[in-house]
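Trainee: Now for the letters of each chain:
There are 2 protein chains.
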Amino acid sequence: MSELLVVGSVAYDSIRTPHGEVEEEPGGAAIYFSLAASHYSKVNLVGVVGDDFDQNLLNKLQQRGIDLRGLERIEKAKTFRWKGFYESDLEAQTERTDLNVFADFAPCLPEEYRSTPFLFLGNIDPEVQLSVLDQMDGPRMVACDTMNYWIEGKPEQLARVLKQTDIFFLNATEAELMTGKANLIQAAQELRKLGPSIVIIKKGEHGVFMVGREWQFVLPGFPVSIVKDPTGAGDSFGGGFMGYLARSGGTSFSTLKSALVHGNIIASFAVQEFGVKGVSDLESWDLDERYQRFVRLTHFQA
Amino acid sequence: MSELLVVGSVAYDSIRTPHGEVEEEPGGAAIYFSLAASHYSKVNLVGVVGDDFDQNLLNKLQQRGIDLRGLERIEKAKTFRWKGFYESDLEAQTERTDLNVFADFAPCLPEEYRSTPFLFLGNIDPEVQLSVLDQMDGPRMVACDTMNYWIEGKPEQLARVLKQTDIFFLNATEAELMTGKANLIQAAQELRKLGPSIVIIKKGEHGVFMVGREWQFVLPGFPVSIVKDPTGAGDSFGGGFMGYLARSGGTSFSTLKSALVHGNIIASFAVQEFGVKGVSDLESWDLDERYQRFVRLTHFQA
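Just so you know, the protein sequences line up as chains E and W, in that order. For what it's worth, our numbering labels the leading residue of the first sequence as 1, then goes sequentially. For what it's worth, our numbering labels the leading residue of the second sequence as 1, then goes sequentially.
The shape of chain E in the complex, shown without the other chains:
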């Protein structure tokens, strides 16, 4: 089993969906990612919080084998906050963002983290992603996520990140924004030219599309009858995928496919509860059982 390093946001989220609302729930990409990945591998977390962040959750992360030496805590300052809502189309609408300690996030990696073989650069400022890459000691596999804000705001820095990226995660809207191609095959081909050998385009409830040099792979979403809260689904997906890769230690096509299924499965748990509960309150048999259900939902006579 290899280790996995994630750098990304740690936040308090206030969320309203058609199924209810929560105020100041602990969240953020790095938290969802770590919790999901911790079902598969040891995780080194890099992020920043204020002195107000939930110690209970941090204890829980540590119990799950998530190393928090890279989580900087700034006294007399507040954790990043996001407030938003979802309507029936399940697209996140932002009402308010308070960056707080995240505004000056300039991570300095603990010495022990630098040789971590699997690296996930969460959706943050590409300049911070570059700084993390510079601090790493030749990771075996670099994955990266981004969003429209950086695609439009820092395209050159993002391009530099992508040149060093093996696996690029983004959603279908972002893929079209970056390439001008609405067709996912065409978009993925364009994106591969920017550096990543593997492009993973997330399609929300419609599943995910993965493209490599001479292969494609596509999965529908795991059907869920009540999506309580889509927050963190993509990050949980990334955590399940990268955690499975790190556990397997390899990147054969067969391993990549299984990793994609594990990401898909854990994302389906994430959306069934508000906040991180869907990914934290899981046992390995829940994942195994849903994996087998997904086989029955999708496999047909070859």
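These are calculated hints, taken from the structure and not from any lab test. All values reported here derive from a predicted model rather than from experimental measurement. Hints are supplied without guarantee of correctness; some may be wrong.
Identical copies go unnamed one by one, so any copy, or any two together, can satisfy a pair.
[Stated by the list, open to error] Using 25 Å as the maximum straight-line C-alpha spacing, the simulated SDA-like pairs for lysine to any residue come out as follows:
| hint | residue 1 | residue 2 |
| --- | --- | --- |
| 1 | Lys193 | Tyr291 |
| 2 | Lys257 | Ala302 |
| 3 | Lys181 | Ile226 |
| 4 | Lys203 | Ser88 |
| 5 | Lys203 | His299 |
| 6 | Lys181 | Val224 |
| 7 | Lys203 | Leu297 |
| 8 | Lys203 | Tyr86 |
| 9 | Lys76 | Glu190 |
| 10 | Lys42 | Pro223 |
| 11 | Lys203 | Gln186 |
| 12 | Lys181 | Gly20 |
| 13 | Lys181 | Gly84 |
| 14 | Lys193 | Val224 |
| 15 | Lys277 | Ile185 |
| 16 | Lys60 | Arg192 |
| 17 | Lys154 | Met141 |
| 18 | Lys83 | Glu72 |
| 19 | Lys181 | Lys203 |
| 20 | Lys203 | Ile185 |
| 21 | Lys181 | Glu273 |
| 22 | Lys83 | Leu287 |
| 23 | Lys257 | Val224 |
Chain E is fixed; fit chain W onto it per the hints.
Mentor: Just chain W now, kept in the frame of chain E:
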């Protein structure tokens, strides 16, 4: 091999898409459906044309084993015409509809057709669907398609059709319109209460979702790099599905799953060309080859 009867529109379509345009191409649901189904089973077609319909295409249909005794031809009258376009979202926008001979479509089934075991009621006036059902001699399997126009305009007649329907085809928007449920599991459960034991919700490029009494099955769309013309994709899908069922003669879960894959595959050919060319100019090895490609695109370690 069982026979299959389809009733539906026969048309001239004028279509504009981002990849070009065509004027007065032969089309219509019954034509797409029959051509797709003819790759699997014998098809009896029920429809109506004017004296202006393309004899070459009719010859081609007959060469493919499609029985046209149920295709009424009205002299000195014109075939149904549809004109529309698609933008990058691939949603059909209607510019003009001339019903012509289709306005008074009141099919009288040839005697030889009435015992056809597999019946597909294409998307037409539910009163016409009811009249066809009345003329049939206890079909073994009734499938039905519809659209928003009938869902809103003739809900009671549609409800009577659905009480006699085994397999209900509709798209995701129509499923939400009929049930008020955006979630496809919830929508399918509501729709099954109306009569059909199997509900098949078409999601366009995102594939298809099939729900029965105690099972669900989901497929992504076959990824196509250039969608020239989405017209007829859903009808071709239905033809591939029903043709495969008729050929198999059964409705086991395993057969239903393979039928869904065949529908999915033939729909992916349909969209690669303007008009019916994508489904008519196909050989069985094209279908077999793409079936195997779809296995490789979707199957993972169980």
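Trainee: Are the CA atoms of Lys203 and His299 at most 25 Å apart within a copy, between copies, both, or neither?
Mentor: The answer is both: 20 Å in one copy and 18 Å across copies each meet 25 Å.
Trainee: From the Cα coordinates, with 25 Å as the cut-off, is the pair Lys203 and Tyr86 best called within, between, both, or neither?
Mentor: both (16 Å within a copy, 21 Å between copies)
Trainee: Can you give me the call for Lys181 and Gly84, within, between, both or neither, at a CA distance of at most 25 Å?
Mentor: between (28 Å within a copy, 23 Å between copies)
Trainee: At 25 Å max between alpha carbons, let me know whether Lys203 reaches Ser88 within a copy, between copies, both or neither.
Mentor: both (16 Å within a copy, 17 Å between copies)
Trainee: Using 25 Å as the alpha carbon limit, work out where Lys83 and Glu72 are close: within a copy, between copies, both or neither.
Mentor: For Lys83 and Glu72, the Cα distance is within 25 Å only inside one copy (23 Å; across copies 62 Å).
Trainee: For Lys154 and Met141, with the copy left unspecified, which applies at a CA distance of at most 25 Å: within, between, both, or neither?
Mentor: within (23 Å within a copy, 58 Å between copies)
Trainee: Go through the copies and call it for Lys42 and Pro223: within, between, both or neither, with a Cα cutoff of 25 Å.
Mentor: neither (29 Å within a copy, 35 Å between copies)
Trainee: At 25 Å max between alpha carbons, let me know whether Lys203 reaches Gln186 within a copy, between copies, both or neither.
Mentor: Both: 15 Å inside a copy, 20 Å across copies.
Trainee: 25 Å Cα cut-off: does Lys76 pair with Glu190 within a copy, between copies, both or neither?
Mentor: neither (45 Å within a copy, 54 Å between copies)
Trainee: 25 Å Cα cut-off: does Lys181 pair with Val224 within a copy, between copies, both or neither?
Mentor: Result: close only across copies, 13 Å inter versus 29 Å intra.
Trainee: Between Lys181 and Glu273, at a C-alpha cutoff of 25 Å, which is it: within one copy, between copies, both, or neither?
Mentor: Between copies, since 19 Å is at most 25 Å while 34 Å is not.
Trainee: Taking 25 Å as the upper bound on the Cα-Cα distance, should Lys181 and Lys203 be classified as within, between, both, or neither?
Mentor: both (15 Å within a copy, 20 Å between copies)
In this structure, the hints that do not hold are numbers 1, 9, 10, 16 and 22, in rising order.
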